[in-house]
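**Student:** As a plain string of letters, each chain reads:
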Amino acid sequence: MKNITFICTCFLLMIPFSVLFAQNDLEQLIQDDSTAREKVSATFKSTHLINAQSTETIHKKELEFRVDHRFGDIAGGTGGIGNFFGLDQSTDIRIGFDYGVSDKLNIGIARAKGATAATQLYEANFKYRFLEQTTDNAIPLSLAFFGSGTISGVKASDDPAASTSYKNFNDRITYVSQLVMARKFSPIFSFELIPTYVHRNYTIFGDQNGIFAVGAGGRLKISKRMAIVADYFLPFRDKTKKDYVENVNQQKFYDALGVGLEIETGGHVFHLNFTNATAIQESQFISETTSSWGKGQYRWGFSISRRFSFNKEKAGGY
Amino acid sequence: MIQKIVLSLLLIGALSTTAVNAQNTFVSNGATVSFFSSTPLEDIEGISKNGLSALDLSTGAILFKVKNTSFQFKKKLMQEHFNENYMESDQFPFSEFKGKIENPDKLKSDGTYQCMVAGTLTVHGVTKNYTAPVKITVNKGSITAACTFKVKTADHGIEVPTIVIKNIAETLDIKVAAIYNAKTR
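Heads up: the protein sequence lines correspond to chains S and F, in order.
Heads up, the first sequence is in UniProt numbering, so the first residue is 1 and it goes up one at a time.
Heads up, the second sequence is in UniProt numbering, so the first residue is 1 and it goes up one at a time.
Treat the hints loosely; a few may be bogus.
Stated by the list, open to error - Quick list of simulated restraints, FRET-style, between CB atoms:
no.: 1; chain 1: F; residue 1: K128; chain 2: S; residue 2: K224; range: 15 to 23 Å
no.: 2; chain 1: S; residue 1: I95; chain 2: F; residue 2: I165; range: 39 to 47 Å
no.: 3; chain 1: S; residue 1: M226; chain 2: F; residue 2: K128; range: 25 to 33 Å
no.: 4; chain 1: F; residue 1: G30; chain 2: S; residue 2: F236; range: 21 to 29 Å
no.: 5; chain 1: S; residue 1: F191; chain 2: F; residue 2: D105; range: 54 to 62 Å
no.: 6; chain 1: F; residue 1: G30; chain 2: S; residue 2: T119; range: 54 to 62 Å
no.: 7; chain 1: F; residue 1: K128; chain 2: S; residue 2: L234; range: 26 to 34 Å
no.: 8; chain 1: F; residue 1: T39; chain 2: S; residue 2: R306; range: 14 to 22 Å
no.: 9; chain 1: S; residue 1: S186; chain 2: F; residue 2: T120; range: 28 to 36 Å
no.: 10; chain 1: S; residue 1: L234; chain 2: F; residue 2: I165; range: 52 to 60 Å
no.: 11; chain 1: S; residue 1: F302; chain 2: F; residue 2: P93; range: 46 to 54 Å
no.: 12; chain 1: S; residue 1: P140; chain 2: F; residue 2: D105; range: 14 to 22 Å
no.: 13; chain 1: F; residue 1: I165; chain 2: S; residue 2: N311; range: 38 to 46 Å
To be verified - Within a straight-line C-alpha distance of at most 25 Å, the following computed SDA-like cross-link-like pairs (lysine to any residue) qualify:
no.: 14; chain 1: S; residue 1: K39; chain 2: F; residue 2: E88
no.: 15; chain 1: F; residue 1: K106; chain 2: S; residue 2: D25
no.: 16; chain 1: F; residue 1: K98; chain 2: F; residue 2: V164
It should be emphasised that the hints constitute simulated quantities derived from the structure, not laboratory data.
Glycine included, each C-beta is placed from N, C-alpha and C at the ideal position.
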């Protein structure tokens, strides 16, 4: 009798195991064996951080309308309550359209006010994302190339030493080449490095035409739809030429640093940012930022972008 | 003596269950899972053709699993938002249904049946009970199942920001279709 009890107990003990086993069986049958590598999505949420380009592109047949705005100095000599902390002024405004030729290639046109002596800017640009980070780290980085050419429409200056004393059309052009190298380190943190070459066909007397610079930028998610973004550019200038131009201008060159809050609301991304750079164009803020955080010469800026998809869909923007 | 009888009975019982199990397991590797959100402003549809499912006819147990990143949309930006903002696929990569078909015995012979399936659906890390009618067709060892049910985004803790509240429906129509083949081991 004792034995029967024992066997029965054993059996009873085994029932849950066998049930468990059966369930595991089903789960084993449908285990996701697809080790298919996936592209890491949303390294950044927008095609730009603040001043810097990101590796993100808009998708095929999408049109992005983007408005960037930089106000006047919040503090410092020209800031304060007198111009309502910079809100009475705008140092630069850029209105641009980008179009997705493919998921990897974007082309764009833009008009910007321009924050240096060179104003009335017309820009044509492209961005080609040629490598995308994968989830299995077989490709650890995303790489994109950004190139732009900008024409200044400002009336040529009579002062032969001025940066806008253009002699012919060619003088009005500046070029920017950037290699954007980004990695999404975790779902909340992405970082990028941007080796940059800016070439200005014409400069103020004594300045260098070509400038190498390196930019760095990052994005840290603080909530599902909000992130802190920051970027910084370090230009490598010829010391003697820099000193000479600074002396002539009675103005020092500073590195552009931006910090901002990125808020995503459905179809568009809203940027609330602060930067010492007055200009929005790469060719200007990298080479000619003369305002300093230390002197209170930082400004509020924002950018609003809205994407429209033309991918065989009746409804307008998403 | 009694001991031996009990023991052998138990053994036979145990062996026969496993045998039945093996014969009645069905697997589907390319199940279609889609959801549809319709508002006057916008229709949003996501389709995955990579759903995985297993079915045990002897118990009626059914398991359904789909990778959230496998859903495809007409607009790529929707897919990005779906994974990033709504499903949070980094944290919750799969949506899963574990349930039981009621009265699985009638599925032993060929034919088309209307069955009820009850179980738990885990989406966005939130598990909820569901009961839905399923149309099951058994034909020479292969099984076709189709099911339509509704899911409220709020039930699974998926927040829709007020700015797009008119673009995304509160209740989504979910469609599931799978073709199962017998799993031979």
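**Student:** Taking the hints in turn, state whether each one holds.
**Tutor:** Checked hints:
| no. | hint | in the structure |
| --- | --- | --- |
| 1 | F/K128 <-> S/K224: 15 to 23 Å | holds, 21 Å |
| 2 | S/I95 <-> F/I165: 39 to 47 Å | violated, 29 Å |
| 3 | S/M226 <-> F/K128: 25 to 33 Å | holds, 28 Å |
| 4 | F/G30 <-> S/F236: 21 to 29 Å | violated, 55 Å |
| 5 | S/F191 <-> F/D105: 54 to 62 Å | holds, 59 Å |
| 6 | F/G30 <-> S/T119: 54 to 62 Å | holds, 59 Å |
| 7 | F/K128 <-> S/L234: 26 to 34 Å | violated, 53 Å |
| 8 | F/T39 <-> S/R306: 14 to 22 Å | holds, 19 Å |
| 9 | S/S186 <-> F/T120: 28 to 36 Å | holds, 30 Å |
| 10 | S/L234 <-> F/I165: 52 to 60 Å | violated, 44 Å |
| 11 | S/F302 <-> F/P93: 46 to 54 Å | violated, 35 Å |
| 12 | S/P140 <-> F/D105: 14 to 22 Å | violated, 54 Å |
| 13 | F/I165 <-> S/N311: 38 to 46 Å | violated, 24 Å |
| 14 | S/K39 <-> F/E88 | holds, 16 Å |
| 15 | F/K106 <-> S/D25 | holds, 23 Å |
| 16 | F/K98 <-> F/V164 | violated, 32 Å |
The structure fails to meet hints 2, 4, 7, 10, 11, 12, 13 and 16 from the earlier list, while all remaining hints are met.
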